[in-house]
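Based on the sequences and whatever the hints tell you, model everything.
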Amino acid sequence: MGWALPALRWALYTDLCIVFGVPMAAALTQSRGVIVSARGVIGWASGIGIAVSLGGFLLTAANMAGIQPTELDRGLVLPMLTGTAVGAALMVRCVALAVCAWQAMFRAPTPIGLPISPGAVAVATLAWSGHAAASLGVAGWARLAGDIVHLLGAHIWVGTLMLFAGTLLRPLRNVYATSTQTAEALSRFAFSGSVIVAVLAASGVANILFLVALPEIPRVIRSFYGRLLLFKLALFLAMLGLAALNRFALVPSLAQPLPVEARHAAIRKLRISVSLELLTALTVLALVAWLGALDPLGNEN
0 MGWALPALRW
10 ALYTDLCIVF
20 GVPMAAALTQ
30 SRGVIVSARG
40 VIGWASGIGI
50 AVSLGGFLLT
60 AANMAGIQPT
70 ELDRGLVLPM
80 LTGTAVGAAL
90 MVRCVALAVC
100 AWQAMFRAPT
110 PIGLPISPGA
120 VAVATLAWSG
130 HAAASLGVAG
140 WARLAGDIVH
150 LLGAHIWVGT
160 LMLFAGTLLR
170 PLRNVYATST
180 QTAEALSRFA
190 FSGSVIVAVL
200 AASGVANILF
210 LVALPEIPRV
220 IRSFYGRLLL
230 FKLALFLAML
240 GLAALNRFAL
250 VPSLAQPLPV
260 EARHAAIRKL
270 RISVSLELLT
280 ALTVLALVAW
290 LGALDPLGNE
300 N
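The letter at position 243 of the sequence shown is residue 242 when you use numbering that gives the first Met the number 0, and the numbering goes up by one with no holes.
Hints in this document: simulated from the structure, not taken from any laboratory.
A virtual CB, placed ideally from N, CA and C, is assigned to each residue, including glycine.
Where hints are given, some of them may not hold.
Claimed, not checked - Label-pair distances were calculated between CB atoms; the ranges are:
#  : residue 1 : residue 2 : range
1  : 144       : 215       : 37 to 45 Å
2  : 237       : 83        : 34 to 42 Å
3  : 168       : 217       : 37 to 45 Å
4  : 81        : 3         : 35 to 43 Å
5  : 292       : 201       : 24 to 32 Å
6  : 179       : 141       : 22 to 30 Å
7  : 141       : 116       : 22 to 30 Å
8  : 261       : 3         : 45 to 53 Å
9  : 215       : 183       : 45 to 53 Å
10 : 2         : 65        : 14 to 22 Å
11 : 179       : 227       : 35 to 43 Å
12 : 254       : 169       : 34 to 42 Å
13 : 251       : 77        : 55 to 63 Å
14 : 40        : 278       : 18 to 26 Å
Put into structure tokens, the structure is as follows:
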């Protein structure tokens, strides 16, 4: 398998942040103009998501069969597609993304620019590609529910960073209008952002406890999986620090009656902070894709 499957998973996570996270962020921040202008990008991202999903499914099927992807045939692929939860999730995701593409590129904009429900369905199907799908019974459904909540929250957070980065990195035609609109949008997201962080923290801890029994945690932490997980946690805390800097220092400065040069400087600082937070978030997604390919209870060192 190598790096191919984790790379495709990372590409899919990032893609769905555009398809679902950005429109959801636009709804939460009331950034209607931005999202309407991004309809084409979101439509293309929906199509790319279908292609990446199919590629990841074929690699997974080849890995499970112990063969090269070029050796796959209908006899191997169809049973997995029609008879497994992973195959069902793939088909649901592809349909949801096809609906997203059609609504984004051919349907008149809704009040928030794009519908959100099909994108949320596409994100939710990712839970059946992770460790949570291995559990059975009531505990299995509880794990899947926690995983879905975690996935939705993470995609909204990263989508919000993409939305703000796209807004801040555009050439400034009117520094006053841009700074005021950005400050208002970020302020509107403040409460939602706090809720998302709380949900991510709670669902993340629950997912770990579902995955690893308490007596096993010290051994897991010493493993390669555990070291990656700790690195992911460190990056998450770094994102919290940057988010706090934005909320309590940089955004309030934009609301002040500053002269043009000082306002330009404030926007530059916010650009750097949001860009760093977005890069950190994309790195976290890469770690999640990698962790999903590892056994938490394995003996990697």
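Quick rundown of the hints versus the structure:
1. 144 - 215: 37 to 45 Å: This hint is violated: roughly 23 Å between Cβ atoms.
2. 237 - 83: 34 to 42 Å: This hint holds: roughly 37 Å between Cβ atoms.
3. 168 - 217: 37 to 45 Å: 44 Å, holds
4. 81 - 3: 35 to 43 Å: 24 Å Cβ-Cβ, so the 35 to 43 Å window is violated.
5. 292 - 201: 24 to 32 Å: 25 Å, holds
6. 179 - 141: 22 to 30 Å: 45 Å, violated
7. 141 - 116: 22 to 30 Å: For residue 141 and residue 116 the Cβ distance comes to about 23 Å; the hint holds.
8. 261 - 3: 45 to 53 Å: 49 Å, holds
9. 215 - 183: 45 to 53 Å: Holds: the Cβ-Cβ distance is about 47 Å, inside 45 to 53 Å.
10. 2 - 65: 14 to 22 Å: 18 Å, holds
11. 179 - 227: 35 to 43 Å: With a Cβ separation near 41 Å, residue 179 and residue 227 satisfy 35 to 43 Å, so the hint holds.
12. 254 - 169: 34 to 42 Å: Violated - the Cβ-Cβ distance for residue 254 and residue 169, about 20 Å, lies outside 34 to 42 Å.
13. 251 - 77: 55 to 63 Å: Given about 58 Å between the Cβ atoms, the range holds.
14. 40 - 278: 18 to 26 Å: Holds, at about 19 Å.
When held up to the earlier numbered hints, the structure conflicts with 1, 4, 6, 12 and fits the remainder.
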